[in-house]
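If you read the protein sequences in the order shown, they are chains A and B. So in my numbering, spot 137 of the first sequence is number 167, and the numbers just go up one at a time. So in my numbering, spot 264 of the second sequence is number 274, and the numbers just go up one at a time.
In case anyone wonders, no lab produced these hints; they're calculated from the structure. Each hint should be verified, as a subset may be incorrect.
[To be verified] With the C-beta cut set under 10 Å, the calculated list includes, among others, these residues of chain A facing chain B:
1. G384
2. A387
3. I438
4. R458
Even glycine gets a Cβ: it sits at the ideal position worked out from N, Cα and C.
So the chains spell out like this:
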Amino acid sequence: MRTLHKFHGGVHPPTHKTESTRTPIVKAAMPSRLVIPLHQHVGNRAIPTVQVGERVLKGQIIGRPEGRLSSAVHASTSGTVAAIDMQVVAHFSGMPDLCITIIPDGKDEWIAHGGVDYKQTPHTELRHILRQAGVVGLGGAVFPSDMKSYSNRHEIKTLVLNGAECEPYITCDDMLMRERATDIVRGAEVLRELLYAEEVLIGIEDNKPEAIAAIRQAIVNDGHAHMEVIAVPTLYPGGGAKQLIRVLTGIEVAAGVRSTEMGVQCFNVATAYCVWRAITHGEPLLSRIVTVTGNVADARNFEVLLGTPVEELVAQAGSKPDTDRHIMGGPMMGVDLPSGSVGVTKATNCIIEGSPALFPPPAPALPCIRCTRCAEVCPADLQPQELYWFAKAKDFGKTQEYSLFDCIECGACAYVCPSHIPLVQYYRYAKSEIWARERDAQGAETARDRHEYRVFRIEREKQEKAERLAQKEKAAMAAKPASAPAPAPSAPAAITPADFDDTLQFRIDTAVARAKEQAAQAHPENTGTLAPQQQAEVAEIEARRAKIREMAADAGADDEPPKQS
Amino acid sequence: MLWSSPFITTPVSVSQIMLRVLIALIPGIALYVWYFGPAILVSITLASVTALATEAVMLKLRNRPLKPFLSDNTALLTAWLLALSIPALAPWWMVVVGTAFAIAISKHLYGGLGNNPFNPAMIGYAVLIISFPVHMTHWITPHPVGHLELTFAEQLSYIFNGALPAGLTLDAVTMATPLDTLKTQLHLGLSVEEIRDMPIFGRLAGKGSEMVAAGFAIGGLYLLATRIISWHLPVAYLASLFVTAELFHLLDPAHYVTPLFHWFSGAAMLGAFFILTDPVTSPTTLKGKLVFAVGAGVLTYLIRVFGGFPDGMAFATLIMNICVPLIDAWTQPKVFGKKGAGK
């Protein structure tokens, strides 16, 4: 028996999972249109490869990956491209993003596709297939899987497969594990090979006995060695990657550290399923399982084509008339969708229909009484009450000192707060303020560098011009004596070539000196009136900054201006 | 209306938590009434009314909504704790002055709920003991000890009019606290053993008051069991008081009483479970709670035994309250994934 480890804190919100697990997964009806965002993954937005009016086939790439960290986007069914424009997407900001709208033709006609034998295929080729198939993490982080399935040989000991699904209401992974266990464990085996991992630990919360049994059976059927299902205690947020890794292996992956550095990689079970479909069947990621639950007549899981408008999906579950919101994700970490017209994306694991009865508006917040119930439940061992205090006071430096960026925004703190303070909102606010300030600072830095470079360039051009002018004059003067040996009457008679050279040199020197002087005047630093002490300090700071820039340039930062040495 | 996750919360509220604490005081109060008569109920009522009225006035002056704050039960808790800390026969105006000061000055002038650095009830106590030291020494003689007991009407008459039945002096119906008596008698040269033979002492400490302390301990255990409070503060406080007392007791039993005497005297039990555990004025880190409570335990003992005041709980609490920001800053725990690392 494996010893399980504990993570600090955690809460037990009512799970509400049975409502949507009573019936098998059903295919959602073909929607009237598909609104497919080109940015459904971490990294660069895909570049559209189709045009309005073009007919596309199911599985055809309509957005190609851009840059190293990106993923492909496909037509989820056959039809006609109706629009490529900015539309509201499934993101809490409500900001529009570039989407491709497809009107399905109802034929669901596939593009030619086929799989490979993963054992006979080089790893780079397998990763390329994943990238072209648009496979990304389906647990919610939507990180391109090809980037995560690379490891130096023997770097990774353990592949953790996340089937914990700790958030209330969500059951898409549970149902997928119950119904498609074989493909999941086979996908996990492919990932294990790609990572050269020694073992695969599949963590499933112990409130899903059917899923645990199904995966265990699949492992036995296939005879996978090094693969083990581990029932983990039901405790939110035990399905957070860091928490699950901790529970299964005892390893704590700190914020800002990659788990691979500690010998662990983590994938969601649904991702493993898609890996298998992509590699051995050549099926790109076109659909996913979505739990539709909450204020609906018939809560269940649907297999949904990516891009299906949320309102068309929830109608199939019998969304009730008093529904006032669509929550994407769970009640602890989900986002309130800005509109029902947004398309289902690779990150859409669950749609909870909300009503005032189901999710009553929060009670007015009282002051924090420092009861530390939040600290008791924080899975990152933070002191949420301190973070709240500093975030409220806009003391962002202190929030960082108190490890704000270790917060995973799981919401456990706000869930237990007896003063009903929307704590997570304060942390999001503090984080975004810090990011904005860093961006501003970077922007200012870039602007200053640009300005300094411009001043330098103007100076250099002046200098070059002066030199050119002088050269030209010199050439002209040199040419004159040759073509006209007799001194011109207007020219001073006593000039000798030696004298002439001196004058010329003098003129060059003065021109250069003048250019330098002007450049000095144009220099943005107003350090002229500073005390020598301060000037020395400024010089030192400037030298340090130049050094930092130089290091950045050496490191390959490509948007750096040329060095001004 | 848009709001962000989480969309669900537990039904626990500040008002509920404080109500539980009030309920946990009831066993102690019941025993108080049993041994000392119903006067304590009068001062609790008086303090409660004063606290709510002062709270309302202060909220109004500070432009804060009345309903959520008046119903949070924190002012009531302050009132009850203050009333339980001072003699039940204290004149009505003392209760009013102490409570009003606690709510208006030590709570609202520092920013109201959640922002006061000092425990308001203990501030109220400190103000009273410094301003009216004599009144603060007239404790009712408990039921099994006193030969003369006041009826409820006579208690009321004294509280509101300062009048005792003809022929009775205050000294005939009140006495110094057991801790006070012990200190005085030791100064007079008696040994602990001789003093403990006096009729006011019971099995553990003072007759009657030891039972009230036990009542508070029972309420405290209820708070622990329902997880309203964590074990850190009461356990560390009582352990620290015990160890300090035991150390002196072992050195010189004739001059220093047993640790159990200290546990069941004065405000030790009330303090351990109800006063130190005020979340607003105690540290937030677990390590910090231990430091805070151990400090309070040692200080309580030192003030009781070597200081000029009859009990040390209030001043020990207030002194440790000042240290809370420092204790918190110095005891920040390591976050997830950084426990093994140096920083």
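These are the hints, each one checked on the structure:
1. G384: 7 Å, holds
2. A387: Cβ of A387(A) sits 13 Å from chain B, so the hint is violated.
3. I438: 9 Å, holds
4. R458: 7 Å, holds
Comparing the model with each numbered hint stated earlier shows that hint 2 is the single one that does not hold.
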